[in-house]
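Visitor: Residue numbers (the numbering used here), protein chains in the order written: chain Z, 1 to 370; chain V, 1 to 243.
No wet-lab data here; the hints were simulated from the structure. Since this is a predicted model, take the numbers as computed values, not measurements. Backbone N, C-alpha and C fix where the C-beta goes; we use that ideal spot for every residue, glycine too. Some hints here could point you the wrong way.
Cut-off 27 angstroms, straight-line C-alpha distance, at most; resulting in silico cross-link-like pairs (DSS-like, lysine-lysine) [what the hints assert, rightly or not]:
1) V/K97 x Z/K347
2) Z/K162 x Z/K63
3) Z/K357 x V/K97
4) V/K14 x Z/K365
5) V/K14 x Z/K316
Here are a few chain V residues that sit away from chain Z, every Cβ distance over 10 angstroms (derived from the structure) [unchecked claim]:
6) H18
7) H23
8) N36
9) H73
10) I82
11) M105
12) G160
13) G197
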Amino acid sequence: MQTDVAELEKLSPKDRERLALTGLDLEMKSRCGSFFQIDQDVVHTSCNVRGIEVLPIGAALEKYDWLQDHVWKAVPRDKDRYTRYVARQEKPQGVVVIAHEGSASVMPLQACLFLLAEPVQHVHNIVVAREGAEIHLISGCASSVQMEHGAHLGVTEFYVGKNAKVTSTMIHSWSAGISVFPRSAAIVEEGGVFLSNYVCMRPVRRIEMYPTAHLVGKNAVGRFSTIVVGTPGSHLDLGSRAVLAAEGTSAELVTRAITTGGTIISRGHILGETGSTRGHIECKGLILKDGIIHAIPEIEGRRTGTELSHEAAVGKIARHEIEYLMARGLDEETATATIIRGFLDVKISGLPVVLQKQIDDAIDKAEKGF
Amino acid sequence: MLDISDLHVSVDGKEVLHDVDLHIGEGETHVLMGPNGSGKSTLLKAVMGFGGYCVTSGSIVYKGREITHLPVHERAHLGIGIMFQRPPSIAGLKLGKLLAAASHMSEDAIEALAQSVNMEDLLNRDLNVGFSGGEIKRSEILQLKAQQPEFVMLDEPESGVDLENMALMGKAIAHLLEKDAHIVERHRSGLIITHTGYILDYLDADQGHVMIDGRIRCHGNPREILKVVKEGGYKECLRCKQM
Numbered sequence: 001m002q003t004d005v006a007e008l009e010k011l012s013p014k015d016r017e018r019l020a021l022t023g024l025d026l027e028m029k030s031r032c033g034s035f036f037q038i039d040q041d042v043v044h045t046s047c048n049v050r051g052i053e054v055l056p057i058g059a060a061l062e063k064y065d066w067l068q069d070h071v072w073k074a075v076p077r078d079k080d081r082y083t084r085y086v087a088r089q090e091k092p093q094g095v096v097v098i099a100h101e102g103s104a105s106v107m108p109l110q111a112c113l114f115l116l117a118e119p120v121q122h123v124h125n126i127v128v129a130r131e132g133a134e135i136h137l138i139s140g141c142a143s144s145v146q147m148e149h150g151a152h153l154g155v156t157e158f159y160v161g162k163n164a165k166v167t168s169t170m171i172h173s174w175s176a177g178i179s180v181f182p183r184s185a186a187i188v189e190e191g192g193v194f195l196s197n198y199v200c201m202r203p204v205r206r207i208e209m210y211p212t213a214h215l216v217g218k219n220a221v222g223r224f225s226t227i228v229v230g231t232p233g234s235h236l237d238l239g240s241r242a243v244l245a246a247e248g249t250s251a252e253l254v255t256r257a258i259t260t261g262g263t264i265i266s267r268g269h270i271l272g273e274t275g276s277t278r279g280h281i282e283c284k285g286l287i288l289k290d291g292i293i294h295a296i297p298e299i300e301g302r303r304t305g306t307e308l309s310h311e312a313a314v315g316k317i318a319r320h321e322i323e324y325l326m327a328r329g330l331d332e333e334t335a336t337a338t339i340i341r342g343f344l345d346v347k348i349s350g351l352p353v354v355l356q357k358q359i360d361d362a363i364d365k366a367e368k369g370f
Numbered sequence: 001m002l003d004i005s006d007l008h009v010s011v012d013g014k015e016v017l018h019d020v021d022l023h024i025g026e027g028e029t030h031v032l033m034g035p036n037g038s039g040k041s042t043l044l045k046a047v048m049g050f051g052g053y054c055v056t057s058g059s060i061v062y063k064g065r066e067i068t069h070l071p072v073h074e075r076a077h078l079g080i081g082i083m084f085q086r087p088p089s090i091a092g093l094k095l096g097k098l099l100a101a102a103s104h105m106s107e108d109a110i111e112a113l114a115q116s117v118n119m120e121d122l123l124n125r126d127l128n129v130g131f132s133g134g135e136i137k138r139s140e141i142l143q144l145k146a147q148q149p150e151f152v153m154l155d156e157p158e159s160g161v162d163l164e165n166m167a168l169m170g171k172a173i174a175h176l177l178e179k180d181a182h183i184v185e186r187h188r189s190g191l192i193i194t195h196t197g198y199i200l201d202y203l204d205a206d207q208g209h210v211m212i213d214g215r216i217r218c219h220g221n222p223r224e225i226l227k228v229v230k231e232g233g234y235k236e237c238l239r240c241k242q243m
């Protein structure tokens, strides 16, 4: 599909700015491919890496029969009312990314889902990395500045093949009246690596998600990193889950949550179904203004030889930390912002520099608002 | 440079420092000794202006300006620096970034400064996170070198430092206090808390003070005071004062 530049240019400068906040690079300078959906219309798909395809879901299902085996397998269609809503659509929309055997791209593919005028946006995305493939996705989800109310229902299924690696970085930039219900899951085979990063620093009415990584092959690795700010009026119910279903699998769930008045529920669940498995949950929360941070880490072991741990802490910035920096000449406001910036700085191992920079930029931009 | 007069300081509503007078001239280095819990660190923190150290009466005047109630960062801007004994760890904040923020030096200049004192390995590490005792001291020294304070307070610079690093530390502190400059060219002043006096092997101090129970009991030659304390303990200072 050709770039429909006219569609992109219809967006107001403010909307384009908001899209940029999610990491969307309209000029494609550091992207290897793109998928852009406004409301229910796919306006652009492209990919310039051999062995990697980016297709609207309808076209992909027509092209590849085998893809049927990857539809509603990681995420059950009757999981809840949101998945059922997406499943009963006659014209499903969304993106399918297929990284064929051995293909690799260090530059990320970008998928952008923009809520412009319709009350509900539904998407069904499927990402397949076949044996030995490596892909990085950056999904920016945003709504128009004019959009006061609306909902985004997004189902994303990841299939990470043998020794394949998928990094998915999702940056959200919604409005205070938007509700968001992503439903994602990954099935990771032997030696596969699934890294999922989520950043939401801007106001939103409600986000509810609990993505799961099923580590079904030996030595598969899953890691979820979540960086969120709960602004007044926002209700973020976020979790991540890893099922350690094969020997040698390991998972780490890391969350940094800040509330400036909103509610953040930070869930985490690691299930050790087999021996020789490891998992760790780390949740740190900062309450800057009265709000709620409710950390619910769960570790569940079922076999000898599974090692699971968690640490959770909710607190404030220590006065002596601020004064330490003030003694070096930083004023109180700068010292506080510097400490907050450090708190949010989760370095994600294995993440390409360009993606880490995208996350850092999203945090830097939000930091000015504290 | 620093004139402390009739200073009373309370911590958690309890008076810890009573009627402290201390005068440190330009280019002078003073040493503060005294038993644990006598109020030495409290004095340094009160001079820096940290919260929780409440000046109930008296004044702190720095270079002719009353600073008793100034916020911490303004005192830092005026040229007061402090080396922390146990600084907090700040995850996610690289030492190099703090140096840049504290000094407005370029990245290259910071790199060069760190190299000059053999500390470039610390620049990309999170501030004090997992630092050894020696690394904390080196990091503190590096921060002060970037900050270039005219009046520097050091709280037990030799604690937790092995012998090998002691020489490095001692020389770096001597350099901060312009000990290598001719006496008439020397403008920087310092106040150093020491228990062992090891630091005196690397720099000459002009005056020594002994603090006991929140009061300065004795002024004199730092080496002589140290000798008396080593032989007879601080009770000797009490006895001597009472005579």
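Visitor: Among the hints numbered above, which are violated by the structure, and what are their numbers in rising order?
Guide: Numbers 4, 9, 10, in rising order.
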